[in-house]
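Since chain Z is already given, all that's left is putting chain X on it; use the hints.
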Amino acid sequence: MIRKIASVSCFALGLLLFVVGASAHHGGAAYDGSQTITVTGAVTKFEFINPHVLIYIAVTDESGKVVEWSGELTTPIRLARMDSGGAEKWSKDILQPGDEITLSGNPARSGAPSLRLRKVIDSHGVALIGGTN
Amino acid sequence: MLQRETMLIGALVTALMLSSSLFAQTDEHGDDLSGVWTNFAIEASRPFQNSALRGDPPPMTAWAQERYAQAKPTFGSKSVAVVETNDPVYDCFRPGTPRIYLHPFPMEIIQTPGRVLMLFEYDHTVRQIYTDGREHRTDLAPMWMGDATGHWEGETLVVETVNFNDKTWIDREGVPHSDQLRVLERIQLDEDDNLLIDITIEDPVAFTESWTGQRRYRRVDWNIEEFACMDNVGFAEYEEEILNYDPNATQ
Chain Z
1 MIRKIASVSC FALGLLLFVV GASAHHGGAA YDGSQTITVT GAVTKFEFIN PHVLIYIAVT
61 DESGKVVEWS GELTTPIRLA RMDSGGAEKW SKDILQPGDE ITLSGNPARS GAPSLRLRKV
121 IDSHGVALIG GTN
Chain X
1 MLQRETMLIG ALVTALMLSS SLFAQTDEHG DDLSGVWTNF AIEASRPFQN SALRGDPPPM
61 TAWAQERYAQ AKPTFGSKSV AVVETNDPVY DCFRPGTPRI YLHPFPMEII QTPGRVLMLF
121 EYDHTVRQIY TDGREHRTDL APMWMGDATG HWEGETLVVE TVNFNDKTWI DREGVPHSDQ
181 LRVLERIQLD EDDNLLIDIT IEDPVAFTES WTGQRRYRRV DWNIEEFACM DNVGFAEYEE
241 EILNYDPNAT Q
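Chains as they are written, first to last, in this note's numbering: chain Z, 1 to 133; chain X, 1 to 251.
So that you can see chain Z by itself, here it is in the shape it has in the complex:
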């Protein structure tokens, strides 16, 4: 499995993004809504479970260290009901371990490698959520 060098970048949240994060369920005090971080890596775990879908990827930083990042989305039911924007509808099988994907979202205030997800791009470059590329 080839792990791409992670592209970790911060930029001011100036765009009006389609909000699909977890805030509808429990608020977002753990995350910094004023920042967005983007990370790329291979899926290590995909949990299509209530109350929030969790995606884990292995990200290699500039120093070569591999860190597991996690990202949370809304409920699986809500995702399954919406048009993913790609060829597939969201389901428990939409992501597989090893898929090279890109996650963008608000970072944890604590500095933990965790995101409240705003955008998920699959291994084919399709934005499964968060609009087009």
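By construction, these hints were calculated from the structure, which means they are not laboratory data. Ideal placement from N, C-alpha and C gives every residue a C-beta, glycine not left out. Any given hint could be a false lead.
Away from chain X, derived, C-beta distances all over 12 Å, residues of chain Z [unchecked claim]:
#	residue
1	Q35
2	F46
3	P51
4	H52
5	A58
6	T60
7	A80
8	D99
9	T102
10	S114
11	L115
12	S123
13	G130
Examples of chain X residues toward chain Z, derived with CB under 7 Å [as the list claims (entries may be wrong)]:
#	residue
14	S79
15	E225
16	N232
17	F235
18	E239
19	L243
20	Y245
Then chain X, alone, in the frame of chain Z:
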């Protein structure tokens, strides 16, 4: 043989008449509100549609303000992280009425003779609104969702809910209520076939005057799926790990 067929036809006709009279009983009471409904926010409510009935706190008495000050909600101006909240819903208690409308999950309305059922996807919460003319129960202890009775005024279902305990919040921002809460709802379809719910809140212990809110829903062809509150416990552990993250510990 002919006699038996005649009897069979007679029985079928009787059964049809009985069933049509049942349907007639539902039809004669206002609009058919049956269906699966999802929140369709009224423009002015968008900023707070998932957490409150109104944009500013309602007019609270000193009794309510004291409790509001102690509340640690996960939404609104004084929101905290889930691990710090004292919101009773995170202990999987029923959200209460009208707060159940603020949870972003669909609900299904089923109309049967003498009763309108609201099946909320959120933790499979059920409201039974009795429309058979009965009075409110006085023999039961105060309830999380309250005791609801309703009647039809033209095409509008008018619902009164009372006999609440004082353990739930009015909304997801920590506004309390007492066991004197009385929730009045006027539920009807608008000209675009959306469901409108006008809500009036009365509680002389908690509020200095009655106040109102409105919810709107649109029809969807979804099924009500499973959502179990206890799954939140596992997620709280996940969030706790994030909050307590120590960057030095993983170096």
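These are the hints, each one checked on the structure:
Every beta carbon of chain X lies more than 12 Å from that of Q35(Z), the smallest distance being close to 15 Å; the non-interface claim holds. With a least CB separation of 14 Å from chain X, F46(Z) remains clear of the 12 Å interface cut-off, as annotated. Some Cβ of chain X comes within 12 Å of the Cβ of P51(Z); the nearest lies about 5 Å off, and the non-interface call is violated. Its beta-carbon lying about 6 Å from the closest one in chain X, H52(Z) breaks the requirement of being farther than 12 Å from that chain.
Non-interface call for A58(Z) relative to chain X: holds, since the shortest CB-CB distance, roughly 14 Å, exceeds 12 Å. Listed as outside the interface, T60(Z) is consistent with that label: its C-beta sits roughly 15 Å from the nearest C-beta of chain X, beyond the 12 Å cut-off. At roughly 8 Å from the closest C-beta of chain X, the C-beta of A80(Z) falls inside 12 Å, breaking its exclusion from the interface. At the 12 Å boundary, the C-beta of D99(Z) stays outside the reach of chain X, the nearest C-beta of that chain being 21 Å off.
Distance check on T102(Z): its Cβ is at least 20 Å (rounded) from any Cβ of chain X, clearing the 12 Å threshold; non-interface status holds. A Cβ of chain X approaches the Cβ of S114(Z) within 12 Å, the least distance being about 5 Å, so the stated non-interface status is violated. Its closest Cβ contact with chain X, about 10 Å, brings L115(Z) to no more than 12 Å, contrary to its assignment away from the interface. For S123(Z), the requirement that its beta carbon stay farther than 12 Å from each beta carbon of chain X is met, with the minimum near 25 Å.
For G130(Z), the non-interface assignment is confirmed: its Cβ lies about 18 Å from the closest Cβ of chain X, beyond the 12 Å cut-off. Annotation: interface hint on S79(X) holds; nearest CB of chain Z at approximately 5 Å, less than 7 Å. For E225(X), the interface hint holds, since its Cβ comes within 7 Å of a Cβ in chain Z; the closest pair sits about 5 Å apart. For N232(X), the suggested interface contact is upheld, since its CB lies about 5 Å from the closest CB of chain Z, less than 7 Å.
A hinted interface residue such as F235(X) counts as satisfied when its beta carbon comes closer than 7 Å to some beta carbon of chain Z; here the least separation is about 5 Å, so the hint holds. Among the interface hints, the one on E239(X) holds; its C-beta lies about 6 Å from the nearest C-beta in chain Z, closer than the 7 Å criterion. Evaluation of the L243(X) hint against chain Z yields a held restraint, the C-beta minimum of about 6 Å falling below 7 Å. The beta carbon of Y245(X) is positioned within 7 Å of a beta carbon in chain Z (closest approach about 3 Å), and the interface hint is therefore held.
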